[in-house]
Amino acid sequence: MHIVVCTKQTPDSAAKLTVDAAGKVSWGDSPIVINPWDEYAVEEALLIKERVGGNAKVTVISMGPEAALEALKHAIAMGADEAIRIWDPAFEGSDTLATSYVLAKAIKKMGDVDLVLFGKSAIDSQTGQVPVEVAYRLGFSPLTYVIKIAELDPAGRSITVERLLEQGRQVVKAPLPAVVGTIKGINEPRYPSFMGIRKATRAQYPVWSAADIGADPAKVGAAGSGVRWTRIFPPPAREGKAEIIQAGTVEETVRILVDKLMAEKVI
Amino acid sequence: MDFSLTPEHEMVVRMVRDFAEKEVAPYIKEYDRAHKPFIRAIERMAELGILGICIPVRYGGQGMDYISLGLACEELERVDTFLRVVMSVHVGLNSLGLLQWGTEEQKRRFLVPQARGERWAAFGLTEPGAGSDVAALAATARREGDVYILNGEKMWISMASLAHNFLVFARTDPKAPPHQGITAFIVEREMKGVTTGDIHGKLGVRAGSTGWIAMNDVEVPVENRLGEEGEGFKIAMSSLDNGRYTIGAGATGLIRACLEASVKYAHERRTFGRPIAEHQLVQQMIARMRRDYEIGRLFYLRAGWLKNQGIRNTWQTSLAKWFATEASFAAASDAVQIHGAYGYSDEYDVERFLRNAKGACIYEGTSQIHELIQAQYVLGYRQDKPLRCELPAYDPEEWQQ
Numbered sequence: 001m002h003i004v005v006c007t008k009q010t011p012d013s014a015a016k017l018t019v020d021a022a023g024k025v026s027w028g029d030s031p032i033v034i035n036p037w038d039e040y041a042v043e044e045a046l047l048i049k050e051r052v053g054g055n056a057k058v059t060v061i062s063m064g065p066e067a068a069l070e071a072l073k074h075a076i077a078m079g080a081d082e083a084i085r086i087w088d089p090a091f092e093g094s095d096t097l098a099t100s101y102v103l104a105k106a107i108k109k110m111g112d113v114d115l116v117l118f119g120k121s122a123i124d125s126q127t128g129q130v131p132v133e134v135a136y137r138l139g140f141s142p143l144t145y146v147i148k149i150a151e152l153d154p155a156g157r158s159i160t161v162e163r164l165l166e167q168g169r170q171v172v173k174a175p176l177p178a179v180v181g182t183i184k185g186i187n188e189p190r191y192p193s194f195m196g197i198r199k200a201t202r203a204q205y206p207v208w209s210a211a212d213i214g215a216d217p218a219k220v221g222a223a224g225s226g227v228r229w230t231r232i233f234p235p236p237a238r239e240g241k242a243e244i245i246q247a248g249t250v251e252e253t254v255r256i257l258v259d260k261l262m263a264e265k266v267i
Numbered sequence: 001m002d003f004s005l006t007p008e009h010e011m012v013v014r015m016v017r018d019f020a021e022k023e024v025a026p027y028i029k030e031y032d033r034a035h036k037p038f039i040r041a042i043e044r045m046a047e048l049g050i051l052g053i054c055i056p057v058r059y060g061g062q063g064m065d066y067i068s069l070g071l072a073c074e075e076l077e078r079v080d081t082f083l084r085v086v087m088s089v090h091v092g093l094n095s096l097g098l099l100q101w102g103t104e105e106q107k108r109r110f111l112v113p114q115a116r117g118e119r120w121a122a123f124g125l126t127e128p129g130a131g132s133d134v135a136a137l138a139a140t141a142r143r144e145g146d147v148y149i150l151n152g153e154k155m156w157i158s159m160a161s162l163a164h165n166f167l168v169f170a171r172t173d174p175k176a177p178p179h180q181g182i183t184a185f186i187v188e189r190e191m192k193g194v195t196t197g198d199i200h201g202k203l204g205v206r207a208g209s210t211g212w213i214a215m216n217d218v219e220v221p222v223e224n225r226l227g228e229e230g231e232g233f234k235i236a237m238s239s240l241d242n243g244r245y246t247i248g249a250g251a252t253g254l255i256r257a258c259l260e261a262s263v264k265y266a267h268e269r270r271t272f273g274r275p276i277a278e279h280q281l282v283q284q285m286i287a288r289m290r291r292d293y294e295i296g297r298l299f300y301l302r303a304g305w306l307k308n309q310g311i312r313n314t315w316q317t318s319l320a321k322w323f324a325t326e327a328s329f330a331a332a333s334d335a336v337q338i339h340g341a342y343g344y345s346d347e348y349d350v351e352r353f354l355r356n357a358k359g360a361c362i363y364e365g366t367s368q369i370h371e372l373i374q375a376q377y378v379l380g381y382r383q384d385k386p387l388r389c390e391l392p393a394y395d396p397e398e399w400q401q
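Which chain is which? The protein sequence lines are P and L, in order. So in the numbering used here, spot 212 of the first sequence is number 212, and the numbers just go up one at a time. So in the numbering used here, spot 335 of the second sequence is number 335, and the numbers just go up one at a time.
Among the hints, erroneous ones may be present.
Stated by the list, open to error - One-sided and incomplete, this derived list gives chain P residues near chain L with beta-carbon spacing under 8 Å:
{"no.": "1", "residue": "192"}
{"no.": "2", "residue": "198"}
{"no.": "3", "residue": "200"}
{"no.": "4", "residue": "201"}
{"no.": "5", "residue": "203"}
{"no.": "6", "residue": "205"}
{"no.": "7", "residue": "253"}
No wet-lab data here; the hints were simulated from the structure. Glycine residues also receive a C-beta, built at the ideal position from the N, C-alpha and C atoms.
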């Protein structure tokens, strides 16, 4: 069983975003980490590997420049078997359409992939589009918002998952290979182990270029992207107002609070 | 000279920080308020391998270096001092003492389960009447055939009521000069005549366990004697070189915690129409915290580097411990000052930082003892003599075997 996890490097969630007059977005000197949502995908892949046993393999990939190594190292330190960075200067400026093309090409090159796992979305751009696009390009079953992998039958080539939707949980059975978008709550990601940390700092991280994956230059980078950036500006700062309710008793405080919330149509 | 951390060190820092922030920080106030030992956190440190971080793999540890130990202590004490205290006694004072002085058989029997976190370890040197004045030790060990009979009481022992193995010091030769008649023993909780209890009413480190050990005719087999008879004082002092290292590193983390809390609050809180961060006298306190954090870090990392090289580091470690503990108390006091009345309540963390900082200025050599140590080295009254067993230098290959 070969499981591929797609990861992305993002700024730390505590980073402060700034946009300068020229529209350049900066995260300052915030450390670059593995996209926090992707940790759930890596953990799920490791859990499946532990459950399935045998010759199950977890490969982590990331499309990105040198900084993407941090995400890959983190995944190896958690216990993934192999990590490949996919990068070429031609990939610069890729939107989700171009990114999914590159990832799908890389996965196709691996050949024997049964399952592709993603985090819900990346905390920087937050589109959540790439998993479905990759599934479409590969012809794999697209399964998003997955809170539980209920059953995995590699021999019978099927997977059953529970999707967490606004209306409730939806149970879906689909054929393998599949693309699974995991969400928070599917598991509790493990910390990297000390042994994993040592492995991660000594591991080789091959880089696949556009030529290595046989990518058409017209379909990658800004040229292969559908999104055009016309203007980039920071959102206006939110105006916040705090009010402390002080009444004689807890009951009275709650009554005032409820009245105010109803007046504001919050409840 | 290279001041950078290795990628391995950076990943260790992130991993330990994540653990402390996710699994300890959200609950620490509750345990501290209740004076309740946070046992689950110690169990998790055991599961994650933190309790055996710098012990070679063949002795059940994780095979990281001594700098990793220091970095882990900084991250742990940044969240709460009790976490670092566990490291000081379990790893610094006890396990590294076994690594340095233990026979192969003793390492297999005692160090392996300790490094795996299956058995927790403590250090029994201090007594009701003997702290910094180690030579005043009154506990006795009388040899009778293949066993020693231990009697006496140990006081202010971290992890006393939780640990399974104790490195205990007792007088084997009452006639010998005070420093020479002391011997070290590995006492196990299961041994008949061992009782322990907690000390209540502590100023700080309330989520940790501090207590006493009473030994009443405890039969300790000769195989549990660490080192030779009469070698106890040297073993105690070299264990303190390791325990103090963890304290220096941890106290540096406490300064960082004070700095981070103060910077955040100084930006948020406004007085006289502007954030208090813009007031010069607040800036002065913050600048001092930055200065002391950087000095504390340089001091402990140098001590860690010396340990990695297998070079004696008694005065450098003493300096790191003395400086960082005093500076952490000052930083915590200033952090309370910056927080004003809010800092005086347990709504914020800084009052806990202040209470937690004081203990480390007292244990493992009071600040005054360290001041004397520094003067004695500089004046030439004190020199390091070679030991029969030295702490092994870190060897990245051998540590993995």
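- Task: Tell me, in ascending order, the numbers of any earlier hints that this structure violates.
- Result: Those not satisfied are hints 5, 6 and 7.
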